[in-house]
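Those sequence lines, one after another, are chains S and R.
Sequential numbering of the first sequence, starting at 1, is according to my numbering.
Sequential numbering of the second sequence, starting at 1, is according to my numbering.
Please keep in mind that the hints were generated in silico from the structure rather than gathered at the bench.
If you're wondering where the values come from, they're calculated on a predicted model, not measured in any experiment.
Hints may contain errors.
[As the list claims (entries may be wrong)] Computed far set for chain S versus chain R, every beta-carbon distance over 12 Å:
(1) 33
(2) 84
(3) 143
(4) 149
(5) 151
(6) 240
(7) 293
(8) 422
[Stated by the list, open to error] List of simulated lysine to any residue pairs, SDA-like, C-alpha gap at most 25 Å:
(9) R/47 <-> R/182
(10) R/47 <-> S/353
(11) S/142 <-> R/361
(12) R/473 <-> R/373
(13) S/142 <-> R/317
(14) S/142 <-> R/373
(15) S/353 <-> S/329
(16) S/391 <-> S/409
(17) S/142 <-> R/314
(18) S/358 <-> S/414
(19) S/353 <-> S/324
(20) S/104 <-> S/121
(21) R/47 <-> S/121
(22) R/47 <-> S/211
(23) S/353 <-> S/379
(24) S/215 <-> S/179
(25) S/142 <-> R/358
(26) R/47 <-> S/180
(27) S/391 <-> S/211
(28) S/142 <-> R/233
We put the CB at the ideal spot given by N, CA and C, even for glycine.
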Amino acid sequence: MQAWRGSILVILAAAAVSSAQVGLLSPAEEKIQTAEKAIQNNPQRYQNYNDLAFALVSWAREISDAKCYSQAAEAVEKSLSLAPGNFEALKAQVEVLLGQRRWKEALECARPLNQRTPDDVPIWGYLAEAAFALGDYDESVKATQWMLDLRQNNARGLLRAAELRVVHGYLDGALDFYNQVYQQVPPHEVAQIASILTHMAGAELMRGRVESAQKLLDQALQQFPGYYLSIETLARLRAAQGNSREAVDLWRRRNQELPTPESLYGLAQALEQDGQRDQAKAAYAEFERAATPLVDQPANANRELVLYNVTYAHNPAQALRVARLEVARRHDVFTLDAYAWALADNGQYAEAKAQMEKALAVGTQDAAFFYHAGVIASKLNDRSAAEHYFKESLDLNSVSTVSAQVRQELQSIETRDRSGQAAARGK
Amino acid sequence: MTKRRAKLALGIMAIAAGTVIAGLMTVPSGLEASSHREAPITALDTKADITDIYAFRSYDANGHDTNPPSITIVMCVDPFLEPANGPNWFPFDPGVLYRILIDNNNSGLPGLIFEFRFHTTEQSPALYTGLAGFGSNPNGTNGVVPPQINDFSNPGLNLLQSYTVTIEQYPQNSSAPPTVSSTSQTLYAVPANAGPRTINYAALYQQGTYTNVGGTGISVFAGTVDDPFFIDLGGAFDTGNFRTGSSGVPGVMTAAEDATNGNFAADTVSGYAVNAIAIQVPISMLTSTGNVEPATSPHATIGIWGTTNRNQVVVLPGTPVKSPTRQVQRLGNPLINELIIGTGAKDFWSMSTPSGDSQFAGYDLNPVFVTAVDALYNVLLPGALISPPPPRTDLLPLVEYLPPIAAAGTKAGPIADMLRLNTGVPPTAPGSANRLGLLGGDPAGFPNGRRLADDVVDVTLRVAVGGVLAGNKCGASHNSACNVFPNNALGDGVNVNDVDLDLATDGVTNLVEPNTHFHTSFPYLDYCPSGRNRVHIDPGDPGCTDAGSPINCKVN
């Protein structure tokens, strides 16, 4: 116990330094301090440890620091030792597992809690979140529908529903839900407002509505300057606009503190797009060093690693190895897409097509998915399907990260058609 | 802003029961009693809160059948309406779909559904109140205040509600879609009773009672009425802290008190109104055979429940859904959700369907409520009251088609909470009806359906502790009979619904049953207390009786 308390004190000390800079503690930081004081006053009260665990989970989500989840797990363990089976500790346990991306375990822990207390909206949320991450969208939809039926306008349910609408391709409907949550957030909750605006921008960007996305991001950054998610999305927007130099700057700004393997990959891609080959090479190397040790971990960057090995490192075997590891864990659309892409890179086009069709069947309106599907169809000499997928990709988003490649592919098809026609005439 | 502060929102989106009835006193009966704000979801949405469901074979003042024999079903919603609470009073919610459902093939699924939808019209938008009236001059007070409201077209009935009734009839043993028919007749809901100056409530009550609607043989009524439910609610939810009568033990009745057509404890619901939807349907329309079946027929018993529903926000547009609405609440047997279902599952229960009730069997067969009653009386009357041990299979007739309610040989069907009614049992004359229904030897009463005057609270208490059941084993070693004092004498001291004390003031003189205080014809419900003169009888107030003598209601 003392060990983890010590760790928390270190965190709080850091928090104090940071807070001194802004004169404010985040809500999670305040809750950590309150819980810690309560534990000092009454170390035998199990609820104090639950409070601490929830606060740590919140904080972990705020700062993307996995260490906080470990400390939250220790607090849960302490609570359960004082009051075995206490309900709140079991809920906190699920939140920890979700934060650690241990979705199957989270699902197994959440199900009995849901059977015990089916009126608990957050527990339905746990089920929905875990199922969503695992790619069990029907289960996620059912759980989310219960959330909305139990409490029609609850923000947590609407946000989960919005994410489900995004992945199923109902972008306008997703924006509607995001907007409903936006209307509920108190004006002083600038971080939440920025988060919602940024997700709305992401949905707009997904279909190439750059101007609308820009306005939303401007609002988000005005509300909450420096918000990392807004910066990441803005970097993608700049890339879509062809302004790779500014995209690089934005990624570098994003990575100044607590970079993630995913954000390192974003920087490397931007550098490559900007023609800074040496720096891109170094950035990809840094990404690979960060992502590779995580390959067997629940929290990983395997999707990016697959794409990296296919598009940059040209290591098809490694791409497929990583993809198979990940698809054994979950079958969300993004994992299926990466798996299909790796299979294709290894010449297994028929299986690649099957996996790609599974991903597309969900309905996600992602231009890259259709690009990948087009390439796979092309490799299978299905010209008609390839052309359909490429055109669909451009129709969805004419400024996507793959739009240039899509245009090239379409041009190649046209060139081949012309060559074929000429050859036919020559006969 | 620090970078860590800038991380603040990082996780936000990621989080993101004839012959069949003859054996009543010796056979299992049931568990039961009212549902005012019983679940968290209806505590937040009182307009959709079903308080009670009643279903009984219709009768006249002499206890004779209607012609043709029919069943009256009453669904009450929106609890504890204070009649004085203007200026808008208590309209039905146009956003709520109110449904009465009938299972007539023992499946736990509806074979017949009656749907009610309401619409509100403002007749006098400039008027400052929903109800206003003065005098009999057709022009009112020079056009300022309308004349007393005595019909639905009176401009003083500012907030006028009309409603439609839709009937969905599902084919037997088929998955074919239902036959749907709707009323074309304009039906009006009876408003609250603001007071004798403003409204001739009795006239509207009469005008708002529609018979043979659309030539269907069905009668309907919707409106604000006196809440027919009666209970010492304050005592009940002060952890069973009932008043002490002549027995000297709280919540334990003497034989004399038990037989009294009066109360020694105050009826907490007295003087409060409720919104009621009532429908009277020929029995031939309800049974699967299309006939009035004898009580011994396996086709005579039906299951009845009510639901309230609101539009549903769907996660994915275009997703096939069984219904475009979400169920807010359901109610069949009284008090199931209040006393049986765990707090963490009350909303889930409310939003589930009866056909899926096997998932709640654990609650039904081992009610925590019974354990609580045992624990309390172990202190109040040590060693005298010990209930039968779980599993309480004696309670199954409440949730399956079993004797003593259904005839022997009736298909039991799945565990499903519905109010079961053997439509073959003839009605009991109002003057002879026993408030304890089946337990009191009255085969036409609860839990064979539920009449307005049935004392479901006392019945529930006694059935819950096995006090009326032969065969159950009570006592410390569970080897002695249960049908003994005090198990068979529990009660809250409120035996009857408090009569609307201002009836004479309101000009009502002859519509009330002498024994049960309810009316003797459809819709049987008592008039809404007037807002001006309503009386809530509280502990210590006049309005109770002791051996026939008026007393102030017990405080302790």
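We went through each hint and held it up to the structure:
no., hint, verdict
1, 33, "holds (15 Å)"
2, 84, "holds (19 Å)"
3, 143, "violated (9 Å)"
4, 149, "violated (4 Å)"
5, 151, "violated (8 Å)"
6, 240, "holds (21 Å)"
7, 293, "holds (22 Å)"
8, 422, "holds (46 Å)"
9, R/47 <-> R/182, "holds (24 Å)"
10, R/47 <-> S/353, "violated (53 Å)"
11, S/142 <-> R/361, "holds (23 Å)"
12, R/473 <-> R/373, "holds (16 Å)"
13, S/142 <-> R/317, "holds (13 Å)"
14, S/142 <-> R/373, "violated (38 Å)"
15, S/353 <-> S/329, "holds (20 Å)"
16, S/391 <-> S/409, "holds (10 Å)"
17, S/142 <-> R/314, "holds (10 Å)"
18, S/358 <-> S/414, "violated (28 Å)"
19, S/353 <-> S/324, "holds (16 Å)"
20, S/104 <-> S/121, "holds (19 Å)"
21, R/47 <-> S/121, "holds (22 Å)"
22, R/47 <-> S/211, "violated (45 Å)"
23, S/353 <-> S/379, "holds (10 Å)"
24, S/215 <-> S/179, "holds (15 Å)"
25, S/142 <-> R/358, "holds (20 Å)"
26, R/47 <-> S/180, "holds (24 Å)"
27, S/391 <-> S/211, "holds (22 Å)"
28, S/142 <-> R/233, "violated (38 Å)"
Hints 3, 4, 5, 10, 14, 18, 22 and 28, counting from the list given before, are not met by this structure.
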